[in-house]
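Colleague: Chain order of the listed sequences is A and B. Following my numbering, the numbering of the first sequence begins with 18 at its first residue and continues without gaps. Following my numbering, the numbering of the second sequence begins with 18 at its first residue and continues without gaps.
By construction, these hints were calculated from the structure, which means they are not laboratory data. Please read these numbers as outputs of a predicted model, since none were measured by experiment. Treat the hints with caution; some may be incorrect.
A pair holds if it fits inside one copy or across any two, identical chains being indistinguishable in the list.
Pairs of lysine to any residue residues, derived as SDA-like cross-links and limited to a Cα-Cα distance of at most 25 Å, are as follows [claimed, not checked]:
# : residue 1 : residue 2
1 : K202      : Q175
2 : K116      : V43
3 : K202      : L93
4 : K111      : Y140
5 : K116      : P28
6 : K99       : G45
Number of protein chains: 2
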Amino acid sequence: MKRIILASTSPRRQALLERLNIPFEVIGSEVDEDIAVENSPYERVKELSYLKASAVAKDIEGEAVIIGADTVVTYLGRILNKPSNRAEAIEMLKILQGKHHTVYTGLTVVYKDENGNSTSETYVDGTDVEFTNISDGLIEKYVDTFEFSDKAGGYAIQGKASIFIECIHGNYDNVVGLPIPLLYKSLKEHGIDITSFWAE
Amino acid sequence: MKRIILASTSPRRQALLERLNIPFEVIGSEVDEDIAVENSPYERVKELSYLKASAVAKDIEGEAVIIGADTVVTYLGRILNKPSNRAEAIEMLKILQGKHHTVYTGLTVVYKDENGNSTSETYVDGTDVEFTNISDGLIEKYVDTFEFSDKAGGYAIQGKASIFIECIHGNYDNVVGLPIPLLYKSLKEHGIDITSFWAE
Chain A
18 MKRIILASTS
28 PRRQALLERL
38 NIPFEVIGSE
48 VDEDIAVENS
58 PYERVKELSY
68 LKASAVAKDI
78 EGEAVIIGAD
88 TVVTYLGRIL
98 NKPSNRAEAI
108 EMLKILQGKH
118 HTVYTGLTVV
128 YKDENGNSTS
138 ETYVDGTDVE
148 FTNISDGLIE
158 KYVDTFEFSD
168 KAGGYAIQGK
178 ASIFIECIHG
188 NYDNVVGLPI
198 PLLYKSLKEH
208 GIDITSFWAE
Chain B
18 MKRIILASTS
28 PRRQALLERL
38 NIPFEVIGSE
48 VDEDIAVENS
58 PYERVKELSY
68 LKASAVAKDI
78 EGEAVIIGAD
88 TVVTYLGRIL
98 NKPSNRAEAI
108 EMLKILQGKH
118 HTVYTGLTVV
128 YKDENGNSTS
138 ETYVDGTDVE
148 FTNISDGLIE
158 KYVDTFEFSD
168 KAGGYAIQGK
178 ASIFIECIHG
188 NYDNVVGLPI
198 PLLYKSLKEH
208 GIDITSFWAE
């Protein structure tokens, strides 16, 4: 069986693959996420997912599938990255509260054959997320849980932020960090059927 | 502190409350789910969530909050309940594949005071869910995982069915089984602030 490698140390992405019974290894990439900041959100997640998957792929010998992903939160064209501290998280949540924003995830899958040749496919999915009105007090209480840490936009839709996310339009797992239907499709087109991991 | 009781044995609903650090007990209700089948989906989940919460509430002594919920999958006005076997699950997924349907969850919260007096609030939320085209072969493989068991419509959005759910419009947790923002709001209006459970 081909090795399947997730080029991301995000526990949320790992949980999504585990849920599907996919056997995978984790190899984090050391890509500088600042380099692509000037691009549009769409181009940025495309480029970063490709850079992450490629960086890991070049060190792998033999047949392997390498999955790279990058997720950003955008509001009116502005990219909200991972807040580096409490104050930044509060600032981001104050921007997002009471409004809807878009979350983009770029997904690159690199397919490497036994001769070291590789092809890759890159996809982007966008999901609209609507926040209710959140008081400054609630933002403080949320940020005090430190759930914002390592999360684009400073929140986790699958966590305590669920009390103020009324509605999304699009794919939910894409907000968590991986557009699962696109990953399923790409793997299937390359001879890897996720459902084959479901047999008991 | 008031007792908080979830009148549902659904592990998914329990996981949603656990995620929010809510301290709760589980007391399943013995409500006959067939009684309200003739109603519209909207009226059905309202009524069943109320019946479930009330059935548990009447046996509770002292101050308590009782949470009841009922979730149905509907397609073109037809209610798809929990499939009772493999063949029914296949039939339901064949109806849903390649189309969008609506999931309704009714939520009733009963607030009981120390004198045994109670008030209740009932809410309904609807979420549109879009399935990709699914081959008969994929439906068979999905049903073989038995994930359909005890799930309205025969699928779990938060499980392996995520490979064929491209898109939703509305609240995700409502599809899982509880409209969390509505629960947060109702509890808050009755003096129970979920965020108070977040303090370490």
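Colleague: Each of the hints needs a verdict: does it hold here or not?
Modeller: Going through the hints against the structure:
1. K202 with Q175: Both: 24 Å inside a chain and 18 Å across chains, each within 25 Å.
2. K116 with V43: Neither way: K116 and V43 sit 35 Å apart in one copy and 35 Å across, limit 25 Å.
3. K202 with L93: neither (31 Å within a copy, 28 Å between copies)
4. K111 with Y140: neither (30 Å within a copy, 28 Å between copies)
5. K116 with P28: This pair counts as neither: shortest intra-copy Cα distance 27 Å, inter-copy 32 Å.
6. K99 with G45: Only inside one copy: K99 and G45 sit 17 Å apart there, 41 Å across copies, limit 25 Å.
Hint compliance for this structure: hints 2, 3, 4 and 5 are broken, all remaining hints hold.
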